[in-house]
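J.: Let the sequences and hints guide you as you build the complete structure.
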Amino acid sequence: MKTLTDNWSTYWEGFLGTLSLFLVSAVLALVLGVLIASFRVSPVRPLRVFGTAWVTLLRNTPLTLLFFIVVLGLPRFDITLPFFTFAVLALGCYTSAFVCEAMRAGVNTVPVGQGEAARSLGMSFGQTMGLVVLPQAYRSVVAPIGSVMIALAKNTAIAGSFSVTELLGTYRTINELGYSIVWTFVWIAVGYLIITLAVSLVFNLLERRVAVAR
Amino acid sequence: MTVESSALYDVPGPKALARHRLYGGIALLAIAALLGWIVYMLFHTQQFTESKWMAFEYKGVQELLLRGLGNTLKAFGWTVLFALPFGALFAAGRLSDHRPVRMLSTLVVEFFRAMPLLVMIFFIFVALKVAPLWALVAGLVLYNGSVLAEVFRAGVLAVPKGQKEAAFALGMRKTQVMAYVLVPQANRAMLPAIISQLVVALKDTSLGFLITYEEFLHAGKLIATNLDYDLPFIPVVMVIAPIYIGMCLLLSWFARWVERQSRRRPSMRGGAPVASAEVAMGLPPAAQQ
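Top line first, the protein sequences correspond to chains S and G.
Residues 39 to 252 in our numbering are what the first sequence lists, from first letter to last.
Residues 78 to 366 in our numbering are what the second sequence lists, from first letter to last.
Keep in mind that the hints were calculated from the coordinates and are not lab data.
Don't be surprised by glycine CBs; every beta carbon is placed ideally from N, CA and C.
Warning: the hint list may mix true and false statements.
[Stated by the list, open to error] Non-contacting residues of chain S with respect to chain G, defined by C-beta distances greater than 10 Å in every case (computed): (1) 45; (2) 53; (3) 65; (4) 70; (5) 73; (6) 82; (7) 99; (8) 114; (9) 160; (10) 235; (11) 249.
[To be verified] Okay, the calculated beta carbon distance ranges per label pair: (12) 341/G x 150/S: 20 to 26 Å; (13) 116/G x 87/S: 14 to 20 Å; (14) 176/S x 337/G: 37 to 43 Å; (15) 218/S x 128/G: 48 to 54 Å.
T.: So, in C-alpha cells, the structure goes:
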C-alpha cells in the first residue's frame, strides 16, 4: 500500500496517460475501421482491394514492428509529431483492421432479404442503411467490438517503451526510488484491470440493452 | 463483379455501373497518388543511396539478421511447445468434475487473459530477473496458453451432446470419453483457431525487442542506428517488415487452408462445427461465448 500512496502522483499520471491513449486511439480505430469496412463492402472494386490489402497487412503485422515503423520511421520522412500522436497513429491503424472485420461480419449477418424489402418499399440508400441494415448490424457488432477494445486497452502498454507516458512505464521511476518491485507491478496490474474491466462493463451493458431474441 | 451478397446494394443497372466505374477511377487515382507520394518521399529523402544499402552486403550484418530471425523462431518454437500442453491442461481443468480444480483453472485462465501480455513479460523480466528469452517465452506461454485453453474448451463443448452420451452409454469412463470421443472430434474442428492463435504468438514474439531480447527487430535496430551505414532506417524496415509480415501471412493462410479442408471433408459432417480461422487480436471468437 505504501508503494501506491507514496507514488500516487506518478501512478495517476501514468493511469491518465494510458486512459487518454486508449480513448483517442479507440476513436481513431472506430472511425478508420468503419471507413475501411465501408470500402470493403462497397461495389467499387479499387476501394475493395484497398480495404482488403489494409486489413490483411495490418492484421499480420506485429504491433511492435508497427510502432517501430511509425515512431522511428516517419521522422525520416521529415514528419515530426509528438510521441503521443505517433502512438495513437500506430494503435489506431492496427486496431482499425480488427474493427473493420468486426463491422463487416456484423453487416454480413443482416439477411439479404432485409435490404431487398427496404428497397422494394422505395427507400433510398440512406434510408435502407440508416433505418434497416445498420440498426440490425449494430446488435451483432457490439460484443466483438468490445473484445477488440479490451485488446486495444491492453496493447497501449507497448507505447510506454516508445517514450509515451503511460502506466507500465511508471515502473522505471518507482523502481529507481527503491520501492518493492513486486508491489510496483501489482499496482500497475490493478490500474490496467480497472480500465479493461470498465470497458467490458460498458460493452456488457450495451449488449444487454440491444439484446434481442432471434 | 463479385460483390459478396449483402443487404447493402442492389444489383447495379447500367447507370449504376457507370457511376461505380467513375468512383473506381477516382479511387484508383487517389490510391496511385498515395503510393506515388510514398515513392517520392523515399527518393526525396534519399533512401536508395548506395551508402544506405551497402550494410546488407556485409557478411556480419547478414549473419546478425539471420541470427535475429533464428532467435525469433526459437522463442516462437518454445512458446508453441509449452503453450499447447498448458492450454490442454487448463482446458481439462476447466472441464473437470471436481469443483476446486475447475475454480482454480478458471481463475488462472481468466487472470492471464485479462493481464496485458507486456506487463507480465516485464514483471517476469524485471522482478523475477529471468533471462530475456525465458521471460518472453514464459509471458507468451501464460497468455497464449490461457487463450488456447479457452479454444480447447470451446472445441470440446461444441461436439454434439449425443456423442458424449453415446460414449457413456457404451460404458466408457470419463477419461476414455474425453480421449477417444470428444478430443479427436474437437481437435479437427478447432485446428484453424489454434493455428490463428499461433499467428498471434508469432506476432507477439516481437515484444522481446522491448526487453532487449536479441530477436529480429533488435538486429534491425542495431543496423538502423549505426552511423557507419548512414542510419539506414527505411532500408532496414524494407527488409524486415516483408519477412515478418510474410511469416505471419503464411501461417494465417495455412490456418485458412486447414479450415477449408476440414469444411469440405464429408467425414466432418455431424461432428463439431469448424472454428473460423480469424486472426484474433485479443480473444478468439469461439472463446467469447
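J.: To test your reading of the hints: which numbers does this structure violate?
T.: Structure breaks hints 6, 7, 8, 10, 14.
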